[in-house]
Structure formats: structure tokens, C-alpha cells
Amino acid sequence: METKAFQKIYTKVIQITKATCSLRANGIGYEELAMVNGRLAQVVKIIGDVVTLQVFGGTEGIPTNAEVVFMGKPPVLKVSDDLAGRFFNAFGTPIDGGPEVEGEEREIGGPSVNPVRRKQPSELIATGIAGIDLNNTLVTGQKIPFFADPDQPFNQVMAMVAMRAKADKIILGGMGLTNDDYLFYKNVFENAGALDRIICFVNTTENPPVERLLVPDMALTAAEYFAVDKKQSVLVLLTDMTLYADALSIVSNRMDQIPSKDSMPGSLYSDLAKIYEKAVQFPDGGSITIIAVTTLSSGDITHAIPDNTGYITEGQLFLRKDSDIGKVIVDPFRSLSRLKQLVIGDKTRKDHPQVMNTAIRLYADAALAKTKLENGFDLTDYDERTLKFGKEYSDKLLAIDVNIDIDMMLDTAWGLFAKYFSKAEVAIRSEFMDKYWKGE
Amino acid sequence: MKKEGKQTQGKIAGIIANLVTVEVDGPVSQNEICYIKLADIDLMAEVIKVFEKKVFVQVFESTRGLKVGMDVEFTSAMLEVTLGPGILSRNYDGLQHDLDRMEGVFLKRGDYTQALDYEKLWEYTPLANVGDTVLAGDWLGEVIENVMPHKIMVPFKFEGKFTVKEITAAGQFNVNEVIAVLTDSKNNEVKVTMTQTWPVKIPIKTFKNKPRPFKLLETGVRTIDTMNPIVEGGTGFIPGPFGSGKTVLQHALSKQAEADIVIVAACGERANEVVEIFTEFPELDDPRTGRKLMERTTIIANTSNMPVAAREASVYTAMTIAEYYRSMGLKALLLADSTSRWAQALREMSNRMEELPGQDAFPMDLPAIISNFYSRAGYVYLNNGQTGSITFIGTVSPAGGNLKEPVTESTKKAARCFYALSQQRADSKRYPAVDPIDSYSKYLEYPELQEYLKKNISETWIDKVLDAKNYLLRSKESSEQINILGDDGVPISYHLSFWRGEVIDFVILQQDAFDEIDKRTSLERQKFLLEKVLDICKIDFKFESFDEVNPYFKRIINVLKQMNYSEYESDKFNNYLTELSTIIDERK
Ligand SMILES: Nc1ncnc2c1ncn2[C@@H]1O[C@H](COP(=O)(O)OP(=O)(O)OP(=O)(O)O)[C@@H](O)[C@H]1O
Ligand SMILES: [Mg+2]
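Protein chains in written order, with this note's numbering: chain A, 1 to 440; chain B, 441 to 1028.
There's no promise every hint is true.
Claimed, not checked - Below, a list of computed lysine to any residue pairs in the SDA-like style, where the Cα atoms sit at most 25 Å apart:
| hint | chain 1 | residue 1 | chain 2 | residue 2 |
| --- | --- | --- | --- | --- |
| 1 | B | K507 | A | S422 |
| 2 | B | K994 | A | F432 |
| 3 | B | K1001 | A | K78 |
| 4 | A | K45 | B | K548 |
| 5 | A | K370 | B | F954 |
| 6 | B | K869 | A | R117 |
| 7 | B | K605 | B | A576 |
| 8 | B | K489 | A | G48 |
| 9 | A | K435 | B | K548 |
| 10 | A | K391 | B | P797 |
| 11 | A | K372 | B | F546 |
| 12 | B | K1001 | A | G48 |
| 13 | B | K507 | A | F432 |
| 14 | A | K45 | B | V490 |
| 15 | A | K78 | B | G544 |
| 16 | B | K1001 | A | F377 |
| 17 | A | K73 | B | F954 |
| 18 | A | K45 | B | P797 |
| 19 | B | K1012 | A | R39 |
| 20 | B | K994 | A | K78 |
| 21 | B | K916 | A | F377 |
| 22 | B | K967 | B | K853 |
| 23 | B | K869 | A | E67 |
| 24 | A | K18 | B | I456 |
| 25 | A | K45 | B | E795 |
| 26 | A | K350 | B | V618 |
Unchecked claim - Partial chain B-side listing against chain A, Cβ under 7 Å, derived:
| hint | residue |
| --- | --- |
| 27 | Q470 |
| 28 | V508 |
| 29 | M510 |
| 30 | H537 |
| 31 | V545 |
| 32 | T719 |
| 33 | A741 |
| 34 | K978 |
| 35 | K982 |
| 36 | S985 |
| 37 | D987 |
Claimed, not checked - Each pair of labels, with its calculated beta carbon distance range:
| hint | chain 1 | residue 1 | chain 2 | residue 2 | range |
| --- | --- | --- | --- | --- | --- |
| 38 | A | N191 | B | E917 | 31 to 37 Å |
| 39 | A | S297 | B | Y821 | 53 to 59 Å |
| 40 | B | F954 | A | K327 | 47 to 53 Å |
To be clear, the hints were calculated from the coordinates, so they are not data collected in a lab. Built from N, CA and C at the ideal position, the CB exists for glycine as well.
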């Protein structure tokens, strides 16, 4: 972003912290951008004539006589169809060697959609993964994160889901992405011949952390352009939102705000909600679906970041390694898609809800039997059967390498029910039993 | 809204997020509304702290682009709602602006649409007579709003006694036309229209008295009506970790509870959940009126991406509207999801003002704020002897699902029903996940309600409910013993005791909110079900070995569940009943 000739240059910085610097200036707009010795910064506080700037690149080496120039506008992204197929950094500057994108300038982090202009989501997203389609069905316009420990293959699963979803545009917002993961995504997109549908805004671990704060808003401004102006279905991938929240806490702690739980800012809920709530279904067909990643530290979902996320998103997908079958599964107990009831049994076969719930209930019985076994108790015949069921259910349906259609998933489940249980133990509404029961 | 005379003016002196400091040239009051002049738009803000000439205001909008020195105009009015016919079936934002009247896909700052339709003509009938002595809140006339009788009242702001001097004859009028002329004790004339305003932070207290509530409020949700009933004019709250079913339960209440009108305050939660109401309610038949559910519902939506300061306002706006309808002698049900977001909004502001923080950085006076709010609910006798009520149920979203946090603890002191949603129940899909042992309804201990239940359900009802609770408790204890000692390490009676509780759990507590039949159970059917289940619990079934117990009870549960899915007393239902007796006879 270039500075204009007539702009006033300030050269007296009066305070510097790790993420911010302050100076005296007048007539400055709140959230306006500035350049501090060539580094992009944004106004986060004005008290009288003292303006505090958050410096995205960090303040290392910023001198008290740094040149500060205000740009008279908040951060913007130039939007047009030319965004498609391009890779940008957190500021929206191309990193793929291509030219700047020309188009209409839009402020990022803009206003919310009027709730009465939304439509209730109702388009199923089929991924082929039964742990998702059968148990936690996704819908366009939904926002849902993967909750996973850092060693889980969430980037692989997310890329797989993105490629199978029939989205018009896929926008990747990478925050603190390792260079390897960035190249992984690039590769997947290229190999799938999907580059013309992709747009990436990437902050890698090599870039300063505070820059990440711009990534979701950049990605979502581009998404809104395609969803609203072009009525397209847009899938936005945000990884890793934990690193985004970490950057928030860096800034707020530097601004002497009283931290709340886990040294996160008290506004964490609102900050995250502003991003996730950009997910939307419009009546005219345009939509924004957000699939995100929130990494956990050793599975702790009570930490402020996953906790606040869970309260905002429409469910969560938990990845876990199942040691019995040696594969990664979508954990049916802790995963949930809140919007699934809008489509299951309606856009899918009528027996879907009951089959899903019954299978999970029986899988829970298997978990109980397993605990019994581990505690050295004798198992009943029912316990033995649930254990066998649990293992096969995990392998044939929960594992992330499953790739079948939903009818097939349901048939597989009915097959397992009849193989291991009696009708009374399965206890599904009789109309479905009569139709689908595969035993005698 | 604005009064005559010189208005106080100010200029912006500082900005931190949505907290703006303003230097003023005249008097201001706490909670006064002001407008910040940003080019061609006015941004609404509320005074939340005054320090000499420096006034702290919370802006109900994004503050992007505001500059030091910009003009601020004070209104000398507090945040007010506009009351009058036409509130029902509206979708408002937290400040009562009509969302449907706003233009464009995105919310625009400063797009403040009017709350009522000023053109619409209402079929008006007078209720008062010339010469009547009236007080604030007394009924002067009536219009029919959708299907509800909507009373036109003496404005709540009127102080003292008035005499009706003129009253307009029946006819069609818009809300701004004068329908009565009153005179005060000094013979000053005042005109009354169908609309009035009221500051949301101040309770409307025009009723005669507020007795302890005593009437059951039927909700059709078994774990509430049977186990821990809520009453007309009662208060309750639903704390629970994310995904445990708070919103689903509240939506069920909004659709099914025996209330005249329903006000839903979506406070800092998901927009898609509000859209669900927008989409479903206009389609849903209302068994009470034969019309559509939306006709007696008002939605106040401040979803999580809407301005934070308006979140706090949204619950007050909703409560004030409920009080307005209560004054008409109606039963209002007010639902707020989630009150934790409102508390968080208070926390954000308090932190920005650098106030001394209380526990978890919430403001020190949080308990007082919450209990003041809950105390606005209640059952009242109006001056004319009629009754009205506000039943208030809020959800709480405790951080980390841990109930030992300030919002849950403060709310526990204020609300009388506690519907604790348990993560464990939600994980095992035992919905609604209301924990039967931790949850309670204080009303069950009220002799007034006990009397009512005895008269309206049965003489022995309370004993039966306590019996059921007892079975659940014993079941839990037995299950713990079995887990420690193993299936064959305990007497068979432990298994029996465990499964008795499971029958109650699966058949009474668990209820499928998405099944057409199961979602709502009439009181009559709940009585039948509890009696049936308790009969089964009382039988001393004979078993040879413990591993016969589980399959046998599963059969019983299965048949009872099938019954729950069948129309009450239908052939299908009766067939299951017969099947049940056959199963029971096997082991008697
Ligand atoms: N009574 C019920 N019957 C069937 N499913 C239910 C029931 N209650 C909840 N669920 C399931 O649980 C999911 C989450 O419920 P809900 O949205 O009410 O949770 P919540 O407590 O409001 O969560 P949050 O705090 O995140 O808003 C629902 O989408 C649904 O799948
Ligand atoms: Mg909810």
C-alpha cells in the first residue's frame, strides 16, 4: 500500500510496546491504517491527541523517530473475479509472483448480514466421510471447526472435504501455517485441477504473528464478494484459529486490558463470533460455509479458545486416533453438527436420524464394555457383542478413509445392527425396522 | 423523544473500541441516550459513566472512522421502547428497530427503523367510560392484535389519578390518533393515543400486587412438567456447556408452553438460530389460537455479530415489552438465550473503563444486575382485579462448562428453577440433557403449587413425582456400585434398581424434540405415563441371574418408547400397551 505525497508525516513516537506504538496526532479516524517505518499498522485507541497503533509486523527495531503516515482509511481488499486462483499474504498483496488484483476497494471486517435477509441453510454438503455425512452432516452456510490435537491430520481431512464439497470457490485463510502445510494445500489444489476455484490468504510461521489478525477478514471479504455479488457457494477454510486467538491475546495484553480466562481478552467471544458469523446462506443461492481448525492442547476443550469457539460455531468435529483399528476416526461422542437436523431424514433417507442415534448409542455401550474389560470384570454376552460391533462400526463407518454415499452408510449400519444385535436391542421405530432390518 | 429547551452538546475526546469519551457542555444523566454525528449518519450511544465534564458512552454501533472532536448530541431521554399495537410478529434488533424495514443485505450503521407501523388502522373499541377515575396502566380501550386482545392503557408515565373526560367511540384508527382525553387532579387535559414510550431499564410497576406464583405453566416437556415444574410468572434458568441443548429446549418451550405471547431475546447467539424461528414460526400452527405461532411471538435479535453494547439493551427491551403485555392481563413467556453474553458485554465495557474487576473479570455488581432483572418477572394482580404474568427462562453458557462461575452462581440466587444440562447426558444423546438429580424447581416446595397440582392432576401427584426422583437417585447409586464391584459382584436387586431408573430416564426424561408426537406431551398423558412407569418400578420382577435383567428391561423400554412415538390412545398406542402387559406378566 503506497502513501500519497501530500500526507503528513509524523516522526515522534512517544511509547512503544511489543505490538503497539503511540504518538500525538489529530484528525485520525478510529481503525484507520498507518505505516510506521514502512510497516502496516492500525489505530486501536485514541485518547485526546494520543493515538495508539497496533503494528502488524511487530515493533522490533521501531525507533522513537519512526516515520508515521496515516492512510485515511481502514484496511481494504480490492475485489473482482481476478481474485480467483491467486495467493496473497495477510495484507492482500500477491505472493504468487502475479500482478496486483484490480477491482472495487472494500473495507474488510465490514458489517453483518441482517438476520432477516438470511435463509435457513438446507443444502447438504456430501464429503463421503461417514463420520461426517452420517453422524455430523454438514450444510452450506454452516460454520464448524475441527477440534484436534496438533498431531492429528486435520489439514489433510480439511483439504479432502474441500475437494469433495461442490463449492464454486474455496478460500483458504492460513494463520501460522507451517511452510510445509502451505505447500501441501497448494499441491492438493493443483493436483485436483482446482486452482481456478481457489483463493489463498496466508500467514505462515515465517511471518509476524500479529499479521494473522487480518487473515480471516481478508478471506471473508473475498468470500462475501463471491457469495453476495456473484451468488456463488463459497467454502472458507480457516486454519488455525487457535493461533489467531493467540495473536489477539498478544495485542490485548500489550494494551493493558484485564485478561479473562487463560489470559485471553474478555472480548474473545465477540471477536471470534464476528468471524464465524460471516457464514451465511442467502435466499438467492449464494452462501459462505466456514470450516475451521482449532488446535487443542492435549484434548482440553475447556480452554478458553475451544470453549468460546464451541459456543459460537454450529458444532465441532473431533478427530481421534482409534487404537483398536489403528486409524483416525471422527469421534461420534464429542462431534456434533447442529445443522444436521435440517437435512437428515429429509434430504436423506427417512431412517437416517434413528439409524445414526442408535449406532452411536450402541457404540457408547461398546465403550462401557471396554471400560469393564479394562477394569477386569467379566463381560456379558451383550458386552461381547457390542465390543465387536464397536470395532467394526469404527472401521467401516467412523474412519476418515471411508468414502461412500449416504445410503450406503445407512445400509452398512443396518447390516451391522443385524449382525450383532436383536431387534429389541436395536429398538428403532417399527416402520423402519420392517423396511430395513437385515436379519430374520 | 427529545425534549424542548437547550440540549446538552459534546465533542468526542477518546475512542477505545465501542467506548467513547465525550467532553460535554451541560448536564447529562446516567443512561441518557446521545447521538454521535458521523458525517451524514447519527450513531446511537448510551451514557454509562460520568466523571466531571467527561462522559463515557457505549456506542451501539461499530466506531470505525470516529474522530476526536466530532459532535455529540444528548437527548435527555434514557433508552426507551415504543409500546403499542403491532409489536407481535415483529423481528426487532436489540434497540427495537424493525429488522424487516431495514434496507439491503447488510446492517447499516445508524439505520434506525421505526418500531411500529404508523399507517396501519386498528379496529378500536373503548373499554372505559367518561367520568371513570383511572391510574397509569388502566385499560381505556382495546384493539385486536393478530388474535390477541390488545389493551390501550393509560400511559405508564402518568403519575397520580386521572378522570376520563372524553373517550373515542369505536372505529378504525392508527396508533397516533387520540383515543381518550384525561384530566389530572388540577384539571389539566392530557391526550392519550395508542402508543407510549418507556425506559427499558426501569420496571413497569402499574400492577396492584405480586403474589407468589402458584399455577403450573404447562410446557409439554416431561422433564419440566412432571419432574421440576415451572409456574406462570416463575423464573428459571438453563445452564449448560455448548451443545448440551439449551437452545433446542428453549425453542421447544417457545413453541409449546401455554403462554399467550412469547418474546424471544436472542442475545449474542447464532444468527442461524434466529433464522430458524423466522422460518418455522410463521409456518407452525398454534394449537391455542388456530393461527400461526408467529402471530403471538416477538423476536428481539442481537446475534453475536451485532454490536456488543446493544446486547445488554436487548434483554431489557424484551423484558419491557413483556411487562407491557402483562399489564394487559396476558401470560407472557420471555426467553433469553444467552444471558451469559449479556454479562460478557458488561464485562467488556467494565474492562475498558478500567473498573476494579470482580471474579473472572466480571463487574462487581453482576449479581445485583442479574437479580434485579429476574425480579421483573412474576405473576401480578392488576388494578382491575385481572391477572397477568411474565415467566422468564434464561440460558447460561458457563465458561468451560463449569458451573462454579459468576454468571451461573449469580443466576442461581435469582432464579427459582434450575435446569442443569449435563455434558455426560448430552454426549450419550440423552436429550433433553436436563440432569434429573442436580436440577430442581423450588416451586415444587410451594404449598400454593402443591395445592394446585393436587386439584388439577391428582391428590397423590406430588408423592409420585418424589417417588420417581427417589428411583432415579437409587438407580444412580446402584450404577456406581455396579461399576465398582462388577455385574456379578452385587446382588441382582442392584441391577433391578438400576434399570428402574433407566425406565424413568428413557421413557419420561428423554424426549425427542424433533419427533412430531413425542415432542409435546399433554399433562393428561404425562400423568398416565408417570403412573404406568411407577407401576412397573414397583413390581418385584423375578430373575435367575443378573444378565437376564438388562435384556428384559430393554424390551420394556422399547415398547414404552414406541408408545411415546404413537398418538395418545390410538390403536397403535393401545397395541403397545397390550404388548407391555404381556412382557410384564412374563416375570411377575
Ligand atoms: N431434545 C433434543 N432432542 C434431540 N436432539 C437434541 C435435543 N437437544 C439438543 N439436541 C442436539 O444437540 C445440539 C445442540 O443443541 P443446542 O443448540 O440447543 O445446544 P446449546 O446448549 O444451545 O449450545 P450453545 O451453548 O453452543 O448454544 C442440537 O443441534 C441437537 O443436535
Ligand atoms: Mg444455544
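Comparing the hints with the structure gives:
1. Between B:K507 and A:S422, the direct Cα distance comes to roughly 72 Å. Violation of the 25 Å bound is thereby established for this hinted pair.
2. With a CA separation close to 19 Å, the supplied pair B:K994 and A:F432 stays within the 25 Å bound.
3. With a C-alpha separation of about 58 Å, the suggested pairing of B:K1001 with A:K78 is violated against the 25 Å cut-off.
4. Pair hint A:K45 plus B:K548 holds up; C-alpha atoms about 23 Å apart against a cutoff of 25 Å.
5. Note on A:K370 and B:F954: the hinted pairing is violated, with a Cα-Cα distance of about 31 Å set against a maximum of 25 Å.
6. Pair hint B:K869 plus A:R117 does not hold up; C-alpha atoms about 33 Å apart against a cutoff of 25 Å.
7. For the hint linking B:K605 to B:A576, the alpha-carbon distance of about 15 Å falls within 25 Å, and the restraint holds.
8. For the hint pairing B:K489 with A:G48, the CA-to-CA distance comes to about 18 Å; that is within 25 Å, so the pair holds.
9. Annotation: proposed proximity of A:K435 to B:K548 is violated, straight-line Cα distance about 53 Å (limit 25 Å).
10. As the CA atoms of A:K391 and B:P797 are separated by approximately 51 Å, the hinted pair breaks the 25 Å bound.
11. A hinted pair counts as satisfied when its Cα atoms are at most 25 Å apart, and A:K372 with B:F546 does not qualify at roughly 55 Å.
12. Only pairs whose Cα atoms come within 25 Å are accepted, and B:K1001 paired with A:G48 is rejected, the gap being roughly 68 Å.
13. For a cut-off of 25 Å, the pair hint linking B:K507 to A:F432 is broken: about 65 Å separates their Cα positions.
14. Of the pairs offered as hints, the one joining A:K45 and B:V490 holds, with about 20 Å between alpha carbons and a cut-off of 25 Å not exceeded.
15. Only pairs whose Cα atoms come within 25 Å are accepted, and A:K78 paired with B:G544 is accepted, the gap being roughly 21 Å.
16. As the CA atoms of B:K1001 and A:F377 are separated by approximately 31 Å, the hinted pair breaks the 25 Å bound.
17. With a CA separation close to 49 Å, the supplied pair A:K73 and B:F954 exceeds the 25 Å bound.
18. A distance of roughly 21 Å separates the Cα atoms of A:K45 and B:P797; the hinted pair therefore holds under the 25 Å criterion.
19. A C-alpha spacing of about 74 Å is found between B:K1012 and A:R39, which places the hinted pair above 25 Å, so the restraint is violated.
20. As the CA atoms of B:K994 and A:K78 are separated by approximately 63 Å, the hinted pair breaks the 25 Å bound.
21. With a C-alpha separation of about 19 Å, the suggested pairing of B:K916 with A:F377 holds against the 25 Å cut-off.
22. Between B:K967 and B:K853, the direct Cα distance comes to roughly 31 Å. Violation of the 25 Å bound is thereby established for this hinted pair.
23. At most 25 Å may separate the alpha-carbon atoms for a hinted pair to count; B:K869 and A:E67 exceed this at roughly 60 Å.
24. Restraint check for A:K18 and B:I456: the C-alpha separation of about 19 Å stays at or below 25 Å, so the hint holds.
25. Using a Cα cut-off of 25 Å, the hinted pair A:K45 and B:E795 holds, with the two alpha carbons roughly 18 Å apart.
26. A threshold of 25 Å between alpha carbons decides the hint, and for A:K350 with B:V618 the separation of about 57 Å lies outside it, so the pair is violated.
27. The closest approach between the C-beta of B:Q470 and any C-beta of chain A is roughly 22 Å, which is over the 7 Å cut-off, so the hint fails.
28. The criterion of a C-beta within 7 Å of any C-beta in chain A is met by B:V508, whose closest approach is roughly 6 Å, and the hint holds.
29. At about 10 Å, the closest approach between the beta carbon of B:M510 and any beta carbon in chain A exceeds 7 Å, and the interface hint on this residue is violated.
30. Using the Cβ-Cβ criterion of 7 Å, the hint placing B:H537 at the interface with chain A is not satisfied: the shortest such distance is roughly 11 Å.
31. A cut of 7 Å between beta carbons decides the hint on B:V545: the least distance to chain A is about 5 Å, and the hint holds.
32. At its closest, the beta carbon of B:T719 sits 4 Å from a beta carbon of chain A; the interface hint therefore holds under the 7 Å criterion.
33. About 5 Å separates the beta-carbon of B:A741 from the nearest beta-carbon of chain A, less than 7 Å, and the hint is met.
34. With 7 Å as the threshold, the beta carbon of B:K978 stays out of range of chain A, its nearest partner Cβ sitting at about 23 Å, so the hint is violated.
35. Among the interface hints, the one on B:K982 is violated; its C-beta lies about 19 Å from the nearest C-beta in chain A, farther than the 7 Å criterion.
36. A distance limit of 7 Å between C-beta atoms decides the matter here; for B:S985 the minimum to chain A is near 10 Å, and the interface restraint is violated.
37. Taking 7 Å as the C-beta cut-off, the interface hint given for B:D987 holds, the closest approach to chain A being about 5 Å.
38. For the pair A:N191 and B:E917, the supplied restraint of 31 to 37 Å is violated, since their beta-carbon distance comes to about 59 Å.
39. In this structure the supplied range 53 to 59 Å holds for A:S297 paired with B:Y821, their Cβ-Cβ distance being about 57 Å.
40. Between B:F954 and A:K327 the beta carbon distance is about 31 Å. The supplied range of 47 to 53 Å is therefore violated.
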